[in-house]
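So you can see what is in the structure, the chains are spelled out below.
There are 4 protein chains.
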Amino acid sequence: MKIEQYRIDQHNEGLLGKHNNQFIFLKEQLGEQGIDANAIVKTLQAFQVAIPSWALGTGGTRFGRFSGAGEPGSLEEKIEDVGILHALNRSSGSISLHIPWDIPKDADAIIQLASSLDLKFDAVNSNTFQDQKNQELSYKYGSLSHVDPKVRKQAVDHNIEVIKYGKELGSKALSIWLSDGSCFPGQSNFVKSFQNTLESLQEIYAALPEDWKVFVEYKAYEPNFYSTVIQDWGSSLLFCQKLGPKADVLVDLGHHLPNANIEQIVATLMMEGRLAGFHFNDSKYGDDDLTVGSIRPYMLFLIFVELVEGMKRAGKGSDGFAWMIDASHNVKDPLEDLLQSVEAILLSYAQALILDSKKLEIARGENDVVLAQQLLQNAFRTDVRPLVREAMLHSGGSLDPIGLFRDLKVRNGLIAERGLVTVATGL
Amino acid sequence: MKIEQYRIDQHNEGLLGKHNNQFIFLKEQLGEQGIDANAIVKTLQAFQVAIPSWALGTGGTRFGRFSGAGEPGSLEEKIEDVGILHALNRSSGSISLHIPWDIPKDADAIIQLASSLDLKFDAVNSNTFQDQKNQELSYKYGSLSHVDPKVRKQAVDHNIEVIKYGKELGSKALSIWLSDGSCFPGQSNFVKSFQNTLESLQEIYAALPEDWKVFVEYKAYEPNFYSTVIQDWGSSLLFCQKLGPKADVLVDLGHHLPNANIEQIVATLMMEGRLAGFHFNDSKYGDDDLTVGSIRPYMLFLIFVELVEGMKRAGKGSDGFAWMIDASHNVKDPLEDLLQSVEAILLSYAQALILDSKKLEIARGENDVVLAQQLLQNAFRTDVRPLVREAMLHSGGSLDPIGLFRDLKVRNGLIAERGLVTVATGL
Amino acid sequence: MKIEQYRIDQHNEGLLGKHNNQFIFLKEQLGEQGIDANAIVKTLQAFQVAIPSWALGTGGTRFGRFSGAGEPGSLEEKIEDVGILHALNRSSGSISLHIPWDIPKDADAIIQLASSLDLKFDAVNSNTFQDQKNQELSYKYGSLSHVDPKVRKQAVDHNIEVIKYGKELGSKALSIWLSDGSCFPGQSNFVKSFQNTLESLQEIYAALPEDWKVFVEYKAYEPNFYSTVIQDWGSSLLFCQKLGPKADVLVDLGHHLPNANIEQIVATLMMEGRLAGFHFNDSKYGDDDLTVGSIRPYMLFLIFVELVEGMKRAGKGSDGFAWMIDASHNVKDPLEDLLQSVEAILLSYAQALILDSKKLEIARGENDVVLAQQLLQNAFRTDVRPLVREAMLHSGGSLDPIGLFRDLKVRNGLIAERGLVTVATGL
Amino acid sequence: MKIEQYRIDQHNEGLLGKHNNQFIFLKEQLGEQGIDANAIVKTLQAFQVAIPSWALGTGGTRFGRFSGAGEPGSLEEKIEDVGILHALNRSSGSISLHIPWDIPKDADAIIQLASSLDLKFDAVNSNTFQDQKNQELSYKYGSLSHVDPKVRKQAVDHNIEVIKYGKELGSKALSIWLSDGSCFPGQSNFVKSFQNTLESLQEIYAALPEDWKVFVEYKAYEPNFYSTVIQDWGSSLLFCQKLGPKADVLVDLGHHLPNANIEQIVATLMMEGRLAGFHFNDSKYGDDDLTVGSIRPYMLFLIFVELVEGMKRAGKGSDGFAWMIDASHNVKDPLEDLLQSVEAILLSYAQALILDSKKLEIARGENDVVLAQQLLQNAFRTDVRPLVREAMLHSGGSLDPIGLFRDLKVRNGLIAERGLVTVATGL
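Protein chains in written order, with our numbering: chain A, 1 to 427; chain B, 1 to 427; chain C, 1 to 427; chain D, 1 to 427.
Mixed in with the good hints there might be a few duds.
Repeated chains share a single entry, so a pair holds when one copy, or any two copies, can fit it.
Unchecked claim - Simulated pairs of lysine to any residue, SDA-like, Cα-Cα distance not exceeding 20 Å: (1) K359 with D400; (2) K242 with G273; (3) K312 with D108; (4) K316 with Q135; (5) K358 with S116.
No wet-lab data here; the hints were simulated from the structure.
These figures come from a predicted structure and were not determined experimentally.
Next comes chain A alone, as it looks inside the complex:
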C-alpha cells in the first residue's frame, strides 16, 4: 500500500485556509521578535528521523503482547510502512534495520524499493541480546563481554556480518546495544567484563569501513538486572576514547537513572565531539519506550536547546547526527504512534529554534535567572505547530498526517493486504 500524492494534496486543500491563517499570524509574531519563520521552516524540512524496523509492529512486555492487525510480515512490508509515514510527514526518510530480524536477501531489490519511497538506510543494529534459532552458543550470560572467548567471537562475527549487510544497503554506521551485564552481585567481574567488551569492540572497530562510525549505546539497567556492562555515558565515552575517532556515544532517553539531567549529558558529549545521536522515546518510571513527548515534553525541548547550541558551535547541521525513534507501541496503532513521535520531535526542535539564544547568553552573563527562564519558556509556550505543518506542506507532506491516515483508512487497507493476524518480526 502506498499513499499517492494527490490524496495528500487533496486533503491539504481542505485544511489550507486555516493553516495559512495560523502560519501567517505566527510568522508575524515571530517577526516582531526578529525571528525568520521561513528560515526555521527550512531547517525543519531538513530534519529526518529514522524509523527502526522493529517499531512497526505491536510491542509487548514480559507478560505478553496484545497484537495488532495488518502488521508487516516481511522487510519489504516494513519498508512500505515507513514509506507511508514518510509520504505523510516527509520527515521519516530513513529506516534503521535490525539484524537478524530483517536480513535483506536481495539487497538491490530492497534498495530499489526504498528509493522508490524516498527512503535511505540509517545505522544498522546488531542483536546479541537474544538467542536465535540454531545459534551455536548462547548469550544467556553475555555476548561481547562473555567469560568464554568463543561466545565473544561469535558475537563479534555477528557484528561484522551486520556491517556487511549495512554496506550492501548504503548504511554508514553500526549501532551496538548490549544487554550484557549481571543479575546478581558477584555474578560478574566488572573489570574483566569491561576489558572483554573492549577487546570485542576493538575487533569490530577494526572491521569498520573507512567512512563508517560505530555507535556505543549505554543503559543504566534492564528489568531483572543488577548491573550492565555499559551503564552510563561515562562508561560509553571511556569505550569510545579507547576505540578511536570512529566511535561515538549514542544516547537513548529511556536509559538513565531516575531524575538524570540528560540535557547536560548531551551538552557534555557535544562539547567533546562525541555525540553520535539519539534514540527518542519517553518514559514515566523506567525505560518505558513511550511515544516521544508524551510525558516530559519540556525536557525534550531542553535537550533540543542543547542540540541546537551544540550544532551551531560545531558548525554542523542536523544531518551530522543519527536521529531515531526507539519506542514500543503496545496500545496504539504503531504507525499513528510513530507519527505522533515524529511530530513531537519536530515541535521540540522548532521551539528550540525560535529561542532567542543571544538574549539568553546575555541574561546568563548577568545571572538574570528570571529572564533566562522567561526566554526559555517564551519559546516553549509559543504554539509552533504551524511551523511544523508548514515544513511538512513544503516538503509535500500532509498538514494533518494522523487525520489523513484515518481518513484513508490506511490500517484497514493494510489488514486487507496482509491479514488480521500477522505478527511483525522483532520484539
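Model the placement of chains B, C and D on the given structure of chain A, informed by the hints.
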C-alpha cells in the same frame, strides 16, 4: 511601597494593541473548537493563589543563604509585598501566615492593612519543626508524635494558639506539616508514632471552630531522614478518616517519591472528597521548592486536568480549595519568582479549561489512545498566554507583571525603604 | 523425582559435627543475652513460604527467555518440584496456583499428590493480564477496570472460576493482581477506572466462600505504563475498606517507587489489621524479581522486625499471614534460586526474632538513637545461620539444601525424566 | 580531655574473656575455609579513616539545627575530639581540615597537638559554596565556574591558600567539592560552566606541590538545584583526564542518583587508576549523610569487595587511598555516631577480606551464579565483629568504644570543660 493603579493602566496601554491582536486571534481559534474564551477568562479571574508569608525573603539550603536586599522585616512589610504581587496580577489575593514567624500583634490593624490591599488571610500554619528561643521543650525528636507526652502537649498547645491567631484574622483553616519522623532504622516505633500523632491531632481537631478545616500534609522524606510519620497520601487520608469531616489531605507537589503519579493521587483524593488543596512548586530531584512550572509543566497541566474534572464532578469552584505557593527563592528576586509561579499556575489552569473533555471521554470509552493523547496535547500546545493576560487585565492587573515590576524598579524602591541587609523572618 | 529421606539424613550426618559446634556456640552467645535459641528454632520451624507454580521454570524479559532444562511441563511436575524443595528445607510446604496456567483437571489426584509430599495449597491467583487462546474479549485495555462492562464481566467470571478451583484444592484465599492501568496520560479516567474496578471486586467478593479472603495487590508501575489502577498501598487499602473485612492488602516488595520505606507501610497495614501477607523478592532498579535478600538484606530484616512486632501485637503466629516468593529465575536454576530465597527469608526472620525488643523500646522511649541502632545491628550482624539449619534439621530437612541438591544431581535427574527442552507454563 | 590508656586497658580486661572466646571460635571457622584470621586482623589495623573537622558538631538541615552540648569551639578542641575517637578505636588516625572554618593560626603548635594524639592531617578542603564575612565577591552564582572571571580568580586564590595551609600541616592533597551549578533550566550554559571550571582547576593544579594530589568530587544534585557542574563520575573523570596525573576522582556515597550501581563505578575508576578515595556515609532518599552502614550495609560490603580486588590488582595497600567519613550528626552524639561509622567501615572491609575470591573467580568463569552469590553472602553473613575488635585491641584501642565512651561519661566531661551551648564551626 504600593503600586498605584494608574501606573498599571499606563503600562498596559502600551501593550494593549499587541495583546488585543493575540487575544482576538486565540478567541477565534478557540471559538472554532466550540470554546468560549470569555467564559474561561472569567474562570481564571476567580482563581486566587495564596502567598505564604515565608516566601517573600531569599531562602537557603543547609549550606547557607545568599540573602537578597530590601526584604520585608515585619509582618506589615510582608503584607505590603503580597499587595504588590496582587496589584500586578490580581491573582494573589491572600496570604498564608506562619506562626510564630508572623504573629500579628494588632490583629485589627493587620486586617485593615490587608483589606486596603484587597488581601484576605488564608490557612494559618503552625511550626513544630524548629525550636524557638525560650521554648521549654525541644522538638529535636518530634512534636505531635514525640514519645514524651509533655512535648506533645506543648506542640498541641502551639497549634491551638495558631488557631486563635487565625480566628482573629479571619482564616478558616489550620495547615499542619510535621517534620516528625526518624533519621535511623530503629529510632522510632512506627505504630506508636502514628498513634501519638493521631491523639495529638484529635486534640487539635477538637479545638477547631465550627467552620474551620484542618489540612494534614504528608511528605515522603526530608534530607537526613529515614522515615516521616506521615509519609504519603495514604497515611494522610488514614489520619483524616480517623479525625472526621473537617480534616482533609493537603498535597505538596515536592513531597513525593521519584516518579510518583501525582495526578492520580489528586483524582483519588477528590473522588473521596478529601482534597484540601495544594502547595505548588516544582522539582527535579527531590523537594526542590523551585518555581512552579519550571521543570515539569506538562505534569502540572495533567494535575489541573484532574482538578477541573474533580471540581466539575463535585459542583465546586476553585474557591472550594486552598491553593498556595510553597517555594524557596534562592537565586531569583522572591517577588519576581512568585509572579512567575502564579503565571505558570494560571497557564496550566487555562490549558486544562480549554481541554475538550467531552471528546476525551468519548475517546476513552473507545480506547482510542491516540486521540486521547491528541486532545490533551492540543490543549497543552495551545498558547494560552493571551487568556491569562486578558484575565489579569479585566481584574485591573498588569498585562506584563514582571515587566512592570522591573520598569518601576520596585525592588530598588523596597531597598530604599527597608535597606540592603534586611533578612526576612522565616526559613 | 523425589528426594528420599535417607539421602537427606545421610548427607546431614557428614555435616552434623560442624553444625552442632556452631549451633552450640551461638546458643551460648544468645543465652548470655537472655535469648532462648531453642524457642527461636521452633518458631522458625513453623514458618512456611508458599512457592508459586509459575516460579519453577526459567523466566524471561521482554527480549526473550533463555530457557533452562528439565523444567516441569505439567501441574503434577510442578508439585513434584515443590516437593523437592520442601523435602530439602521443610519450609516450602505449600504451593500457590496460577489459573489458567495450572488448572487442576483431577482435583482429588492433585490433592493426593500434594499430600504425599506434605504440601498444601496456598492462595490461588487469577490472571487477567494476558489473553488466553480462544478468549472471547481482550484484556488489552484492562480487565476489572475496563470501560466495557462485558470485558469486566468476563474478568469477574474468571476470578469466580478461580475461586472454584481453589475450593476444590483447599485454598482459602484468592489473590488478585491487575496490570490494569494506562500507558499514556489521558488514556483513562482515573475515577471511572477506580469505580469500575471496585464494582468488579465487589462481585468477586460476593462470591467468596465464608472462610475465604481476597488479597488485593498493588503495584506502582509496569514497564511501558503511565498509571496503574491500584498504584500503592493507600489505593489497595481504600479498596479493602470499601469491600469489607475479607479483603486485605498484599505487599510485593518490588512494587514500590524508588526509596519507599516499605517497613513503615508494613507497620501501618498491620496496625490497621489489613496486611494479607507478602510476595517476597528483591530488586535494584525496579520490579526486578530477583532472589530474596540478594540486594537489600538489611531492608528485609527491617521488614521482619515490623512483622515480628506486628504479630506479637495482634497475638498471631506466622500462619496468620500469606507468605510467598514471587521472583523470576532467569540465570539461575529455579530450584536452587528458590532455596536461596527461602533461606534468606528465614535468616531475616531469625535475626528479627533475636532482636532485644524490650531494650529497643526503652531506648526509643529515651530517644537513645545510638543504642537503638546498636540493638538492631547486633541482631543483624549475628550469624544466625546455625538457627536456620537447626530448624531444618529438626523438621527433617537438610543442613545444606543446595549442597545436597547438587550432590544428588537433582537437575540431571529431572532432565533425564523430562527432557532438555521442556518449557514450564507461566511467564 | 584525653582518654588515658589505662582506662582503655582496664575496660578491655572485663571484656577480654568473652572476646577471646568469640575470636578463637571465628578464627577456627575461618581457618577451616583456609583464611588466616591473624593476617586479616593486621590488614584491618592498618586501615585509617580520616575524620573531617566539620563532623564533630551537631549538624542541621535547612529548617534548623538542634545543637548538642560540649561541642568543640576551636580547632584545638576538634583535634582533641578526634584524639578521643582514635584512642578508642585506633582507626581514626587523621583529621581532614576545612578552610576557612579551621584555619590553623599556629601550625607548629597544631602539629604538635595532633602528634601527641597520634594524628596526621589528611586532605584539606576548600569552601567556595558559602560566602564568608567580609568576602569581596559572592559565590551565590558559582565559584570556579562563575561567569565573572573575578569571582573565579577569588575562588582559585582561596584554593591556593588552602594548599598553603595544608603544606604547613603536612597534608598531601586538596579536596574540592563545588556546589556550582544552576537552580533552573536556562540559568547556565553547561559548556561554558565546564570550561570555566576547567580553567580554574588548571590554575589550582599548577599550584599543587610536587607530591600533592587534587581530588575532584562529583555530586548529582543538591536540594533546590537543577544541575551541578560536576554531576557524575564521568564528568569528574573528564576533568581529571584534562588536568593530569595528579587529579583523581573522589567518590561520596551519597552523591548519586537513585539506584546507582556505585560498586561498578568504583571498579571502573580503579581500573583506570583514577580513584582518589571515599567519603563514607549512608542514605535512604538522597544525600542524607547518615551513619555509615545504617541503611545499606550490603552495598557497602559490595563496594569493599571491589576496593579489595582493586587494591590487589594495583599492588596497593589501603594507605594508597583517602578514606574519610562525611556524615551529618543531627540526632546522635557526633562522637558516638563517628564511632559507629568507623566500626561499620571496618566490618565491611573485614567481610570483603574473608571473601574467597579465588573460588569466586572460578564460579564467575563457569557462570555459576548461585555459587557466586553464596560465596559473597557467606562472607557477609559471617559475624566478623571479633576480627574488628581484635584489631582494635592489638592497636591499643577499646574492645567496645561506645561502651567505654559512655562508661567514662566523656560527653559530660566535654560539657564540663566547654560548656553546654557551644556550637562547632562548620555546617
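Against the structure, the hints:
1. K359 with D400: between (34 Å within a copy, 18 Å between copies)
2. K242 with G273: both (15 Å within a copy, 15 Å between copies)
3. K312 with D108: Neither: 37 Å inside a chain and 56 Å across chains, both beyond 20 Å.
4. K316 with Q135: Neither. Shortest intra-copy (42 Å) and inter-copy (44 Å) distances fail the 20 Å Cα cut-off.
5. K358 with S116: Answer is neither; intra-copy 43 Å and inter-copy 43 Å both fail.
The structure shown violates the earlier hints numbered 3, 4, 5.
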